[in-house]
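Chemist: Going line by line, the protein sequences match chains A and B.
For the first sequence, the positions run 1 to 309 when the working numbering is used.
For the second sequence, the positions run 310 to 622 when the working numbering is used.
Hint data in this document are derived by calculation from the structure and do not stem from the laboratory.
Predicted model only: the values in this text are computed from it and were never measured.
Be aware that one or more of the hints could be misleading.
[As the list claims (entries may be wrong)] Here are the simulated SDA-like pairs of lysine to any residue, each with C-alpha atoms no more than 20 Å apart in a straight line: (1) K108/A with K464/B; (2) K108/A with V203/A; (3) K108/A with I217/A; (4) K108/A with L33/A; (5) K345/B with R208/A; (6) K464/B with R208/A.
[To be verified] Pair by pair, the computed Cβ-Cβ distance ranges are: (7) L357/B with A308/A: 26 to 32 Å; (8) G506/B with T80/A: 47 to 53 Å; (9) M304/A with L391/B: 35 to 41 Å; (10) V475/B with A112/A: 50 to 56 Å.
Virtual Cβ for every residue (Gly too), placed ideally from N, Cα, C.
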Amino acid sequence: MTTATPASAIAIRRRRQPATPYLLLIPAVLVLLVGLGYPVYWQVVTSLQQFGMMQQFGAPPTFAGLDNYARIFSDDRLWTVVGRSILFCLVNAFLTVAIGLGLALLMKAVHAAVRITMQVVLLLAWATPLVAAVTVFRWLFDYRSGVVNWLLVQIGLDQYQGYAWLAQPLTFFVVATLVIVWMSVPFVAMSLYAGLTQVSEEVLEAARLDGARPAQILRHILLPLVRPVLAIVLLLQIIWDLRVFAQIRLLQDAGAPISETNLLGNFIYELGIGSQDFSGAAAVSIFVLLLTVLLAAPYVRSLMKEDAA
Amino acid sequence: MSAATETGTGTAAPAAAPAVRDAGTTVRRPRPRVGKILLGVLGVALSLVWVFPVYWMLLSAVTPAARLKATTPSFLPTHFTLANFGSVLSGSGFGGALRMSLMITGVTIVFVLAFAFLAALAISRWRFRGRTSFVLAVLFIQMLPAEGLFIAQYKMLSTVGESTPVLGLNSVLGISILYTAMLVPFTIWMLRGFVAGIPAELEEAAMVDGLSRTKAFLRITFPLLAPGLVASGVYAFLQAWNEFTTALVILPAEDRQTLPIWLRSFLSASANRGIDWGEVMAASTLIAVPVIVFFLFVQGRMTSGLVSGAVKG
Numbered sequence: 001m002t003t004a005t006p007a008s009a010i011a012i013r014r015r016r017q018p019a020t021p022y023l024l025l026i027p028a029v030l031v032l033l034v035g036l037g038y039p040v041y042w043q044v045v046t047s048l049q050q051f052g053m054m055q056q057f058g059a060p061p062t063f064a065g066l067d068n069y070a071r072i073f074s075d076d077r078l079w080t081v082v083g084r085s086i087l088f089c090l091v092n093a094f095l096t097v098a099i100g101l102g103l104a105l106l107m108k109a110v111h112a113a114v115r116i117t118m119q120v121v122l123l124l125a126w127a128t129p130l131v132a133a134v135t136v137f138r139w140l141f142d143y144r145s146g147v148v149n150w151l152l153v154q155i156g157l158d159q160y161q162g163y164a165w166l167a168q169p170l171t172f173f174v175v176a177t178l179v180i181v182w183m184s185v186p187f188v189a190m191s192l193y194a195g196l197t198q199v200s201e202e203v204l205e206a207a208r209l210d211g212a213r214p215a216q217i218l219r220h221i222l223l224p225l226v227r228p229v230l231a232i233v234l235l236l237q238i239i240w241d242l243r244v245f246a247q248i249r250l251l252q253d254a255g256a257p258i259s260e261t262n263l264l265g266n267f268i269y270e271l272g273i274g275s276q277d278f279s280g281a282a283a284v285s286i287f288v289l290l291l292t293v294l295l296a297a298p299y300v301r302s303l304m305k306e307d308a309a
Numbered sequence: 310m311s312a313a314t315e316t317g318t319g320t321a322a323p324a325a326a327p328a329v330r331d332a333g334t335t336v337r338r339p340r341p342r343v344g345k346i347l348l349g350v351l352g353v354a355l356s357l358v359w360v361f362p363v364y365w366m367l368l369s370a371v372t373p374a375a376r377l378k379a380t381t382p383s384f385l386p387t388h389f390t391l392a393n394f395g396s397v398l399s400g401s402g403f404g405g406a407l408r409m410s411l412m413i414t415g416v417t418i419v420f421v422l423a424f425a426f427l428a429a430l431a432i433s434r435w436r437f438r439g440r441t442s443f444v445l446a447v448l449f450i451q452m453l454p455a456e457g458l459f460i461a462q463y464k465m466l467s468t469v470g471e472s473t474p475v476l477g478l479n480s481v482l483g484i485s486i487l488y489t490a491m492l493v494p495f496t497i498w499m500l501r502g503f504v505a506g507i508p509a510e511l512e513e514a515a516m517v518d519g520l521s522r523t524k525a526f527l528r529i530t531f532p533l534l535a536p537g538l539v540a541s542g543v544y545a546f547l548q549a550w551n552e553f554t555t556a557l558v559i560l561p562a563e564d565r566q567t568l569p570i571w572l573r574s575f576l577s578a579s580a581n582r583g584i585d586w587g588e589v590m591a592a593s594t595l596i597a598v599p600v601i602v603f604f605l606f607v608q609g610r611m612t613s614g615l616v617s618g619a620v621k622g
């Protein structure tokens, strides 16, 4: 998996007309401009405009400067949602990576048969479509005949008889976290396990002969060697968990208090599709996009390094 | 102490890490077997916890509704039935949603593969002015969340749809173009690796032997790229087939729903009559099984594509 060697690249450049690569890029660039470029442009423009009732009925929008940003960002509801989203994102990302690392180390330590079992099971969880996964968790946590409440009552916690998990914000987010962690851990565990297998047995053997204790091997050899992968999966997890929308939306269907369980994506949805405040929704969207670009920068840099390789 | 599954998964990581250390200690000391066996037991136990939701979905799908409402759940398929699948398949909506999903996924795969393949060819076979900026843009674009764009995409398609309904809200083509734009960046990145893995010298050798450039490409490079195209196609299939957020916004009409949106409506409709979980799990199974099959086929590629930069450092 390396790019063409510099020598052959130069040879190709000299021989072929330079217009070809640009022609090849046209379809991709066009579809990106239409599908993503124009929407981003529209959002920037709309977030700077007054877009109220009059505009719904065809009046030309008026330029409003940063009024929408001022209005939205002085709204306590937004900051509540931002705070909740960041907290939820960090808890989920760190929990996912911690469990994923634990499973990766476990896979490295156990017998091959057990490891293959674990890999198959993780793949199954990873492959389950999001909507199906959330639906299954709704069934597991169903207040009337859900198996979770049944198990809890069996071990003597009678207060869980008919307990409605999705009706309270706190337990709602516990269920949301379980779904997301269940779905996300496989990618982290597999990536980290792949990273761990790169550590050569000789290095570990040498450390053992030198009398290193397993805890020391973990701290001083294994963890430093997988640290680049660990950093990348944590970063990806943070970016992905910040944009959680579908899981929350689907769990809210079970009768959760909407305004107390909304995360950023859901807030934008309510604002734009729900109450037709397109300028406000556009302003929040721009904020989310900027935050994503900021967070993604280190990841993109690491991939660019590969491209240059 | 809350849910059983929660305590199960919640303690997984803290339990696993110290366990590894303990095992290591026993490896050095005389009893290597015991530690390894204990870890194996832990691994199997965690696998059971992790697979339980999938098992429960399949089990509930083949269990009669009355049995599912019983006070004591059964953990084995003792009352096997296919009636749940029958009522899902004969009920309204599934066929239409399946057709929508197939059309949108099909159009998306064709667009994504064609556009991404040409672009991947450009960036891996040529060094041209603006190449680095293009790669940088592609990598950033693939990170953009649908949640930060769907309001604008909704407005765009509803405006376009007033004059050209085939591209507007509820249209196959409209949402396929949005999906293509979302998937092209990562697919370019994935195919770039495949194209770069095939030396240009092979093609040049064929040209020296008298083939035209087009023929050399079609006969030599293209067949070697087939696995890459298949993997990218399956990736695009999975993404388009499972997509929920954009479809929810762009396909508001009930008869234009894709399968994920249909499953949500099916559950809501069922909720009005006290949720028939057997039917809902049968519907989930019907959506999940083709995806799981395709996924097992492609996953190796996806993992390496996402983190390869980090592994190589």
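Chemist: List, from low to high, the hint numbers that the structure doesn't satisfy.
Modeler: 1, 4, 6, 7 and 9
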